[in-house]
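A.B. asks: Sequence:
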Amino acid sequence: MTLAITGLGVRYDDMTALADLDLTVAPGELFVLLGGSGSGKTTLLRAIAGFVRPWTGRIVLDGTDLAPLPPHRRPVNTMFQSYALFPHLSVADNVAFGLRRQGLRGAALAARVGEMLALVRLEAMAGRRPHELSGGQQQRVALARSLAPGPRLLLLDEPLSALDRSLRADTRTELMRLQRRLGTSFILVTHDQDEALGMADRIGVMRNGRLAQVGAPDEVYERPADRFVAEFLGAANILVGELAPDGTFRLPDGTLLRTGTTGQAGPRLLALRPERLRLEDGPNRLPGIVVAQEYAGESVTTQVRRPDGSLLRSVQALDRGFGAARLAPGAPVTLGWPPEACIVLPAT
Numbered sequence: 001m002t003l004a005i006t007g008l009g010v011r012y013d014d015m016t017a018l019a020d021l022d023l024t025v026a027p028g029e030l031f032v033l034l035g036g037s038g039s040g041k042t043t044l045l046r047a048i049a050g051f052v053r054p055w056t057g058r059i060v061l062d063g064t065d066l067a068p069l070p071p072h073r074r075p076v077n078t079m080f081q082s083y084a085l086f087p088h089l090s091v092a093d094n095v096a097f098g099l100r101r102q103g104l105r106g107a108a109l110a111a112r113v114g115e116m117l118a119l120v121r122l123e124a125m126a127g128r129r130p131h132e133l134s135g136g137q138q139q140r141v142a143l144a145r146s147l148a149p150g151p152r153l154l155l156l157d158e159p160l161s162a163l164d165r166s167l168r169a170d171t172r173t174e175l176m177r178l179q180r181r182l183g184t185s186f187i188l189v190t191h192d193q194d195e196a197l198g199m200a201d202r203i204g205v206m207r208n209g210r211l212a213q214v215g216a217p218d219e220v221y222e223r224p225a226d227r228f229v230a231e232f233l234g235a236a237n238i239l240v241g242e243l244a245p246d247g248t249f250r251l252p253d254g255t256l257l258r259t260g261t262t263g264q265a266g267p268r269l270l271a272l273r274p275e276r277l278r279l280e281d282g283p284n285r286l287p288g289i290v291v292a293q294e295y296a297g298e299s300v301t302t303q304v305r306r307p308d309g310s311l312l313r314s315v316q317a318l319d320r321g322f323g324a325a326r327l328a329p330g331a332p333v334t335l336g337w338p339p340e341a342c343i344v345l346p347a348t
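Residue numbers (my numbering): 1 to 348.
It cannot be assumed that every hint is accurate.
Computed beta-carbon distance windows for the label pairs [unchecked claim]:
| # | residue 1 | residue 2 | range |
| --- | --- | --- | --- |
| 1 | Leu318 | Glu132 | 35 to 43 Å |
| 2 | Ala225 | Val291 | 28 to 36 Å |
| 3 | Ala124 | Leu167 | 15 to 23 Å |
| 4 | Ser161 | Ala126 | 20 to 28 Å |
In case anyone wonders, no lab produced these hints; they're calculated from the structure. Every value quoted in this text rests on a predicted model; they were computed, and no experiment measured them. Where a beta carbon is used, it is the ideal one built from N, C-alpha and C, also for glycine.
With the hints as extra help, turn the sequences into a complete structure.
C.D. replies: As structure tokens, this is what we get:
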């Protein structure tokens with residue numbers, strides 16, 4: 001299955017929801033659309049499914065233009081955020097719903113339902129109603145129902161958002177297992193950065209109806225295209241300055257930092273991931289004063305105020321307990337980091 005979207009545009013009255021968007025999803029790929037509210041990610045999903053009519057562009061699936069096809073004729077299924085299970089039907093009948101619409105009956109229907117329930121490990125729940133299931137079990141029923149008709153592409157709209165943190169992590173692993181086993185292409189919409197980084201083969205970061213950047217999770221995280229992507233996908237400390245041809249970055253106060261990046265000289269931004277900053281000397285260093293520390297179990301975040309008043313954050317993993325890293329507000333510290341931790345971004 002190859003999905004090719006070219007020049008896609010969607011408008012709602014005088015608002016542009018998608019603008020000249022291009023995207024290709026490869027066979028068997030788990031592609032994650034990441035963006036904030038109003039970025040266009042759900043509109044894109046709905047356009048692929050056929051619930052929104054684009055005013056320009058094409059959506060082509062395996063060489064077939066989907067534009068003339070109504071939603072129920074497209075080889076695409078959508079798993080909604082609410083799961084949309086039928087409360088009056090059993091788990092088995094919920095899974096069988098789409099299969100019956102395809103004309104499947106009798107032993108063939110029962111076999112396919114059994115296969116899908118086994119896939120999501122819910123064979124023992126076949127006779128129960130949705131209200132008798134946990135949130136994670138309901139999510140798996142919805143997934144089985146979406147996959148049962150054998151769609152070439154499955155669209156998932158914030159499928160984990162209703163689950164608590166621990167259940168979300170387990171269900172995320174289960175989703176990835178099923179996707180890899182079936183080889184079905186998934187497009188998953190989320191606003192959760194950890195979800196995107198942990199699940200995706202590729203991530204598309206959306207902003208104002210456009211794809212700000214598309215790439216593998218490590219590529220987008222470690223080499224963001226601009227400040228928006230750097231700050232949206234994880235935390236980032238941003239410094240303003242001038243880049244020299246030799247890769248030296250000069251801050252407004254004259255401090256020189258080594259970036260390991262060469263390129264055209266001029267105004268630039270420097271992004272530093274908090275986990276790359278250490279409370280110790282290093283090839284690059286900046287002095288400051290501790291403002292606060294936040295303990296998070298496996299790590300501690302330290303906020304440091306620089307002499308110019310700006311704040312930087314350092315996140316350090318804890319291997320000896322919080323006491324080993326505790327610093328009182330007002331304590332002087334030095335933040336150090338290597339040149340390869342520097343991410344040079346456009347100034348605008």
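A.B. asks: Looking at the structure, which of the earlier hints fail to hold?
C.D. replies: none
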